[in-house]
Amino acid sequence: MSITVEEIKLPRLASVGKVTQLRVAASEWTKLHSLRSTRWSFLVAIVLTVGLPSLFAAITASHWNHMSLREQANRHPLDIALAGVNLSQLAIAVLGVLVITGEYSTGMIRASLAAVPKRLPVLWAKAAIFAVVTFVLMVGPVVAAFFISQAILNGHHILQISFSANGVTRAVLGGALYLTLIGVFALAVGAIVRNTAGAIAAFAGLFFVVPPLLNILPQNWNQSISEYMPDSAGRAIFDLHHGLHTLSPAGGLALFAGYCALALAVAAVLLVRRDA
Amino acid sequence: MIEAETLTKDYGAKRAVDGLSFTVRPGIVTGFLGPNGSGKSTTMRLILGLDAPSGGRVLVNGKRYRDHASPLHEVGALLEARSVHTGRSAQNHLLALAHTHGISRRRVADLIDLVGLHDVARRRAGKFSLGMGQRLGIATALLGDPATLLLDEPVNGLDPEGIHWIRNLLKGLAAEGRTVFVSSHLMAEMALTADHLIVIGRGRLIADTSVEDFVRRASGSVVRVRAPEATRLRDLLLGDGVAVSSPESGVLEVTGLTTDLVGETAAANAVVLHELTLVQASLEEAFMELTRDDVEYKAGVVAEPEEVAA
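Residue numbers (the working numbering), protein chains in the order written: chain A, 1 to 276; chain B, 277 to 586.
Rather than coming from a laboratory, the hints here were simulated on the basis of the structure. One thing to keep in mind: the hints can contain errors.
A short list of chain A residues far from chain B (calculated; beta carbon distances all over 12 angstroms) [claimed, not checked]:
{"hint": "1", "residue": "Ala58"}
{"hint": "2", "residue": "His245"}
{"hint": "3", "residue": "Ser248"}
Calculated lysine-lysine pairs in the DSS-like style (CA-CA distance at most 30 angstroms, straight line) [as the list claims (entries may be wrong)]:
{"hint": "4", "chain 1": "A", "residue 1": "Lys118", "chain 2": "B", "residue 2": "Lys339"}
{"hint": "5", "chain 1": "B", "residue 1": "Lys290", "chain 2": "A", "residue 2": "Lys18"}
{"hint": "6", "chain 1": "A", "residue 1": "Lys18", "chain 2": "A", "residue 2": "Lys118"}
{"hint": "7", "chain 1": "B", "residue 1": "Lys339", "chain 2": "B", "residue 2": "Lys290"}
{"hint": "8", "chain 1": "B", "residue 1": "Lys447", "chain 2": "A", "residue 2": "Lys9"}
{"hint": "9", "chain 1": "B", "residue 1": "Lys403", "chain 2": "A", "residue 2": "Lys9"}
{"hint": "10", "chain 1": "B", "residue 1": "Lys290", "chain 2": "A", "residue 2": "Lys9"}
{"hint": "11", "chain 1": "A", "residue 1": "Lys118", "chain 2": "B", "residue 2": "Lys290"}
{"hint": "12", "chain 1": "B", "residue 1": "Lys339", "chain 2": "A", "residue 2": "Lys9"}
{"hint": "13", "chain 1": "B", "residue 1": "Lys339", "chain 2": "B", "residue 2": "Lys447"}
All residues carry an ideal CB built from backbone N, CA and C; glycine is no exception.
Model the full structure from these sequences, guided by the hints.
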């Protein structure tokens, strides 16, 4: 096979565009939807979000008559409806980490930063696209989980609550918002740590290891500290009732969003300063 | 056009690039040569702004790379280390990068055809062979129709047909007036492709010269003499600035003298010569000669365990 020079002449580009934040967002959208890990993570998150409340509703309904009055009184329909969020947050967080650490582990980051050498637009676009996609994909399943679990419980005439009841809509939508913010937080942790295993460990440590450790502290310390921890602040967004030592939904949202902003700010400074 | 001014890069205590100054001009292929570990890849990362220099600066087409509004139109780069997400298809990889500059799908399709990846464009890049990976890297470099091309070891993993292809491509791109800067540790490859050479060793500039000058300068013209009385001839030839070695019995290799002078000395002393030739060093030998002291890791030497910098 012979190849002539004429055959491999590079076609000229008619017009060359400038790098804009919107174009970088389009790029990040293409990156996000073109990976299998994205589809699998969201599929797992959706199945858990809907499946777990359905399972718990069925179990609660079938055991209802064997429960003590006190046990029955401790059941709350929203706890059941939002049970899946507690687990699916892990799938969302892992994906949030991978969105950025996947670029470091494969070397893609070099191509990304060569295309956008000012760097920050890449971080903003990643966070924004991932947040929007997570909210859009998860709000449906979270709402569906509420209605499906209610329908199962309704079959046994127990634990009924209206979607329009005081605070219920807010709590259910808060569940989707919580998943969105946890994804952004995990993405920022990924950008800071730059290594998949390390970032997941850091995230899990902060959300699942440190909170129980606080129980070792004297109770009055624990009570005054733990409500300000990221996990408690985040949880306040989708709790129906807030007690003496938990933040209000708005307070929790503000604090958790603040943690996300802080993590993103640290990630931004490091992204600009460190060698890629 | 690439202009480096006393470019320096330290990684901890180790100086990878040490006060490099050079200019890479448009319209020709410039080879960037050096042994492995001499700082070629680091220099390329500094040009692209992936790493920040510890000192000095490097400009591309008159500006720092990061200050360009359309970076991919200024520089197309193929880095030695792979820069592709293994889970993404070649097509989506190129599309994602194209989006950042508003480059069309049509262009992405054209480039996939140009590098011959049409049949595998929808396959995950992680499944690509080394050669296919290189072709995807080259397509990535050409995406923005760049004025300057920066290619780190582009023939790595390519088959002979692919090597021929890239040689023609590089020459064609230079002929269009682009700046083409190609690194290699293989001298022979550069001899066929490059017009100009920038040679570095241990991060320092060793030579900035045309290919012909490089050979002439480094070879120092060796004269090979075969004579029955080799030992007597050696004693006659030795003098200021003349070195004589004897690779085998009856053969001398003389540096510092022309063939004329060796012949005349032999005739004047009635020494019989069986052979008298000027040995032109190959580019490869010239390169070895120039970088001998600058090879970071030599074979046959047991290295002391290196202290790991924190």
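Next on the checklist: Checking each numbered hint in turn, tell me which of them this model violates, lowest number first.
Outcome noted: 5 and 10
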